[in-house]
Amino acid sequence: MKELLPFPGQEVRGVSPALEKYTLDLIAGNLWKRPDLSPRDRSIVTLSVLIARNQTIEMPHYFNLALDSGLKPAELSEIITHLAFYAGWSNALSAVAILKGIFARRDIGLDQLPQACPDLLPLDQAAEERRATAVQESAGPISPGLVQFTRELLFTNLWLRPGLAPRDRSLVTVSALIANGQAAQIPFHLNKAMDNGLTRAQVSELLTHIAFYAGWPNAFSAVPVVKGVFENRPKPPSEKPK
Amino acid sequence: MKELLPFPGQEVRGVSPALEKYTLDLIAGNLWKRPDLSPRDRSIVTLSVLIARNQTIEMPHYFNLALDSGLKPAELSEIITHLAFYAGWSNALSAVAILKGIFARRDIGLDQLPQACPDLLPLDQAAEERRATAVQESAGPISPGLVQFTRELLFTNLWLRPGLAPRDRSLVTVSALIANGQAAQIPFHLNKAMDNGLTRAQVSELLTHIAFYAGWPNAFSAVPVVKGVFENRPKPPSEKPK
Amino acid sequence: MKELLPFPGQEVRGVSPALEKYTLDLIAGNLWKRPDLSPRDRSIVTLSVLIARNQTIEMPHYFNLALDSGLKPAELSEIITHLAFYAGWSNALSAVAILKGIFARRDIGLDQLPQACPDLLPLDQAAEERRATAVQESAGPISPGLVQFTRELLFTNLWLRPGLAPRDRSLVTVSALIANGQAAQIPFHLNKAMDNGLTRAQVSELLTHIAFYAGWPNAFSAVPVVKGVFENRPKPPSEKPK
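Protein chains in written order, with the numbering used here: chain S, -3 to 238; chain X, -3 to 238; chain W, -3 to 238.
Since the hints were derived computationally from the structure, they do not count as laboratory data. Some hints here could point you the wrong way.
Copies of the same chain look alike in the list, so a pair counts if it fits in one copy or across any two.
Stated by the list, open to error - Derived DSS-like pairs (lysine-lysine); straight-line CA-CA distance at most 30 Å:
#1 K17 - K188
#2 K188 - K29
#3 K29 - K231
#4 K29 - K68
#5 K223 - K29
Owing to the predicted nature of the structure, the values given are computational and were not obtained by experimental measurement.
Input sequences plus hints: build the corresponding full structure.
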C-alpha cells in the first residue's frame, strides 16, 4: 500500500499537505483495513468506480494494487468488458488503454485472458423469465431494440461469462450505479447482488468505501435506495429474533 | 467502419478479446446497420454522447467517421457550439482540441465553417412565447439572469443558427440529456425534437444506440420519461386505428 | 481576462468562430462582470465546477485567474482538499496534478500552504448535534461507517479547517452539487451556505454562472430545489413588507 498515490507523495504535499495526510492515514491506513470488505473486494469496487467515472489518474495504481491483492488478469479483463455495457463503451476503452501498459510490463499475454466466446455458466431460466417479463412490460413498447439487446447480450451472455463470479459481477455493477448516481437502477441490481451472496454488512461497507472514491454526495444519495431494498427483503437468518 | 476502435484492434484484444469481438460484431457489424437511424444520425448521436460526457478517447474515430458519413465540417462545428450550452463550456473546448487536429489534416479551413454571427432562421414567435412564459413562471423568481440568458442566447440565437437543422439540433440536445441522466430536462426537449420531425421509431432506436455509448443504466433511466412523453402526445397518423 | 481560452483564440476559431465569439463577448465580456458575485467568488465557483466534473482542459487558465483575482494559494489548496470529499478522491488528485505545475512556475512553496493538521475553528455544537441526529436516524442503520466518517472527518474536522472561510467552503460544496446534478444533497448544503452568509442574490447569480460551466440542464434542474429552500427559510429583512 506504499504507492497509493498516482504520483510521488511529495508532489501531493506540494499542493495539499492535508490531502497527502488524509490519503495516507485514512485511506491507506484505515479504510482499506476495515473489516466487511476484503482488499480484493475493495479493489473491485475502487476500479469499478474509477472506470464508471472515467477517471484515469488513479487507474495505474489501482490496477497494480488489484493484481497484487489477488485479482487475476482475467478478472480485470472481465470487469472492463462488463462496464462497457454498464458505464459506456468509452469508459471501457479508456481503461483498456491504461491496463494494456500494465499487462505489457508484467508479461501478461493472451493465454491469461478470457476467450472471446467461452462456454457460458448455466442460466437460471425462472429468474431470467421474471426479469424479461418485467422489462418487456415497462420498456418493450418504448424500445424493442433495447429490450432485445438486454436479453441477448446482457442476461443470456455477458452475465454468464465464467471469467468473473456472478457475485463479483454484481459488485461491479452496483458500485458503478452508486458512483454515477443512477438511483433508479440500483434496486434491481442490489437485490440481484444480495441474491448472489453480497451481505448487508458488505453493502453497508460498500457505501463507506464509495464515499471516498465517488464523493460523499453519491454515497448519501444511495442510502434511501439501499434502505428500501433492505426493508423489502426477507430478514437474513442471523437477524431474525430468536 | 474498419477503424472503429480508438487504437488498433490487436491492442484491445490484448486486454479483452471479448470487448474486441463485441465491438466488431455488435457495434460495427450490427448496431450501425440497424434501420430507423441513418449512419449520419448515429454519428450525431454518438458524438453528442461523447462530448456531453467529455470522453475524448473515441472522438478522433467518430469525428472522422462523421465526416465520412455525410456530416459537413460546419455541422460538426455547430454540434460543439450547441453542446457548450447544453453540456458545459469545457466539454465543448475539449472537443475543439480534438477536432482542430482533424480539420488540419483534412485541410478544412474557415471558409467551410459557420460565421460567428450569421443570418438567423425565423423565430416561431408563438412557441417561443409559450416557452418563455413557462420558464419565467418557474425560474424567473429564482434566477432572472438564467432566464434572461436562456431567452436571449439560447432560444432567440443559438437555436436559430442556420448551420445545423433544428431537427438535428434537437437530436444533439436529447442525446446529451439522456447520456447525462438529466431526466427532468428530457420532456421539453423530446417534445421539441418530435415537433421538429424526430419520429417515435427514431426515438426508440436512439435509446438502443445510447445504451452502448452511455451505458445501459442511462438508457433504461430514460425509458419511463420517454414513455410519459409518448403518452401525452397525439398519436401519429400511422398509429391511429382505421 | 485576455487568456480566457485554454489555447490561443485563433485555434478555437479554427473549429468554431461562434464559440470563440460567445466566449469573448459573453463569458469574458459579460458574465464575469455582472454584479452579485465578485470575480473572486466566480473563481471559486468555476474551479469547483471544473474539479467536481474532472474537466482539466480549462483548469490551468482558471487556477491562474483565481490567483490573479485574489484567491490565496492556501485557499486553492483547501478547495481541492474539500472536493476530495465532496466530489471524489480522483477529482482532487487530477486537480493537484495541474495546480502543482502552476505553483512551481510561481515559486509557491510549502510555507504558503495550509498545514496538514492546523488548529481548527470552533464547532457550533448545537448545529452539529442537530445534523448528526438527523443523519444517524436516516443513514445510521444502513451504513454506520459512513455516518461515523461523516462526523469525524467532515463536520468536526474538514469543515473546521481555517484555510478557507466556512462561507467559501459552502460555495464550493453547493457549486459541486449543482454541477453534478446531485439534487437530493442540495437543500442541506444550500441552507448551510445561507446560514454561512450566502445571500439570495448570490444564489440566483450562482445558477446563472454555473449554466455556462456545467451546462444549462444542470442549472435548470437545480431551480426547483433552490425554490424549495428559499420558500422554507424565513424571509431576509430586506424582503419583508414594511
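To see whether the hints hold, each was checked on the structure:
Within a single copy, K17 and K188 get their C-alpha atoms only as close as 38 Å, which misses the 30 Å cut-off; across copies the closest is 27 Å, which meets it. Proximity of K188 and K29 under a CA criterion of 30 Å is satisfied intra-copy only: 27 Å inside one chain copy versus 33 Å between copies. In this homomeric assembly, K29 and K231 come within 30 Å of each other (Cα to Cα) only inside a single copy, at 28 Å, whereas the closest approach across copies is 48 Å. In the homo-oligomer, the alpha carbons of K29 and K68 lie at most 30 Å apart inside one protomer (21 Å), although the nearest pairing across protomers, at 36 Å, exceeds that limit.
In this assembly of identical chains, the alpha carbons of K223 and K29 lie at most 30 Å apart only when taken from the same copy (25 Å versus 43 Å across copies).
The structure agrees with every numbered hint stated previously.
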